[in-house]
Amino acid sequence: MALALQTFPTVKDANAALKAAGTRYLGGGTLVVRAANEGDVSVSGLIRSTDPALSAIAVAGGKARIGASVTMAAIARHPDLGALAKAARAVGGPAIRNTATIGGNLFAPAPYGDFAVALLALDATVDTEDGELPIEAFLAKRDDSRAIVSSVRFTLPKADGFRFLKVSRVKPKGVSVLSIAAVLERAADGTVSSARIALGCMADRPMRAKAAERALKGKKLDQNGIAAALAAATEGTAPITDPIASAWYRAEVLPVHLGRLLLA
Amino acid sequence: MAKVPVQFTLNGSEKAEFVESGTTLLNALRDKIGDTSPKGGCHQGTCGACSVIIDGELRLSCLTLAETCNGAAITTTSGLAEGGVLHPLQRAFLDTFATQCGFCTPGMIMAAKVLLDHTPNPSRDEVVEALSGNICRCTGYEPIIQAVLTAARANSQNAA
Ligand SMILES: Cc1cc2nc3c(=O)[nH]c(=O)nc-3n(C[C@H](O)[C@H](O)[C@H](O)COP(=O)(O)OP(=O)(O)OC[C@H]3O[C@@H](n4cnc5c(N)ncnc54)[C@H](O)[C@@H]3O)c2cc1C
Ligand code: FES
Ligand code: FES
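So the protein lines, in turn, are chains A and B. For the first sequence, the working numbering gives the first residue as 2, with consecutive numbering after it. For the second sequence, the working numbering gives the first residue as 39, with consecutive numbering after it.
Simulated from the structure, these hints should not be mistaken for laboratory data. Each hint should be verified, as a subset may be incorrect.
[Unchecked claim] Partial pick of chain B residues on the chain A-facing surface, computed with a CB cut under 10 Å: (1) 62; (2) 71; (3) 86; (4) 92; (5) 95; (6) 97; (7) 102; (8) 103; (9) 148; (10) 170; (11) 171.
Note that the structure is a prediction, hence the values are computed from the model and not measured. Glycine included, every Cβ here is placed at the ideal spot set by N, Cα and C.
If we strip away everything but chain A, and leave its shape as in the complex, we get (with noise of 0.2 Å):
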């Protein structure tokens, strides 16, 4: 294995040696070494930052500001992070947590990605070298992305305002058969106001469940007033298909989950 790994003490050196051919970024390494691991040639350097505002959390005024280098172990242990904790404990077993980073699972491919997803529905916003892009634009754009990311911001969402689900064969741990999560907001008489609904494995990548979004509107979470959600469920999704299940079976069980979220 031919692969020569640089350390820098700031994200800003760090980010200029990355311009470098053949260099990719580590973060806990969960998916660059394994690549390495199975031979992956593409790689010859890898690049890491110990720059300890990587490593923060700071949670203020609502508001919660996480370092890239950040593990899932971290996040789910955290005592203002609660709400994320389910999100967090959905990435792998206790030593794959132990290691993966948050900053990794925003470019985790499905069928992982799982915490990318929470952040998604949480319309988190991702800090890079080259400035602050909205996490959907940034997905959108992480394959041709070669800036460092130093952390992501969110609003923490309210007690009971933020859903999360993982759908798995294997338990307790198991890659995703699927993956939702929902921000919710509702009005005095029960009705929903706002929805943000973001699915893990429906795509390559995580994706807005924008038709099922707006079917909710105005409507209350009993099964009638989420029945236009979960037809409009799919509209939009290419789900993946792995060894874990079809495209045609995320397809056809993603409405039922969904409806148990949002009943639950």
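Once you have looked at the hints, place chain B with the ligands on chain A.
Structure of chain B with the ligands alone, referenced to chain A:
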């Protein structure tokens, strides 16, 4: 390929080696340092046979680059027995027949050790969760779960 120095403590003793940049901790431990207790099953992060404890956290040595461990304290299963006396987890694995071919055992024991270090009296569900990244093709898992619960009971009896 340029060699890089790596230096860490392994089971309490200082180790220093030169490895090729990009060498995994698993390969450094097995091929350079001679600790073959972590096993290379999949090299993909899926089997857990290569599990080690780095600075108190369960990690997969096949996905960890050796040079990122400079200054770390690493524990492997080969460091658990003291003066020929098996660690309570090792003893329990033998007593409950939790090891058959034995390939998964060092990784299982590492995962179990981290659990018991933080949660001396785990529930069955906590044991299952703690072992969820480790695959065993022989035992059907039940004896392994029993071994961890047995070791936990033995620990708390000793502490009492
Ligand atoms: C056994 C196993 C089980 C898994 N299970 C799950 C699961 O259940 N759910 C799930 O979502 N994922 C899962 N994964 C995938 C993976 O572990 C996670 O997606 C993880 O969050 C990736 O983060 P990382 O830090 O390890 O990424 P790395 O491997 O370090 O990097 C992945 C990609 O992101 C880029 N990158 C990383 N950080 C940055 C940054 N700060 N700036 C710019 N680019 C960056 C890298 O260059 C690389 O292209 C699993 C992986 C394994 C091996
Ligand atoms: S060899 Fe590391 S997880 Fe299988
Ligand atoms: S004892 Fe053979 S794999 Fe577990």
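Hints versus structure:
no. : hint : verdict
1   : 62   : holds, 7 Å
2   : 71   : violated, 18 Å
3   : 86   : holds, 7 Å
4   : 92   : holds, 8 Å
5   : 95   : holds, 5 Å
6   : 97   : holds, 6 Å
7   : 102  : holds, 7 Å
8   : 103  : holds, 6 Å
9   : 148  : holds, 9 Å
10  : 170  : holds, 4 Å
11  : 171  : holds, 2 Å
Checked against the numbered hints above, the structure breaks only hint 2 and satisfies the rest.
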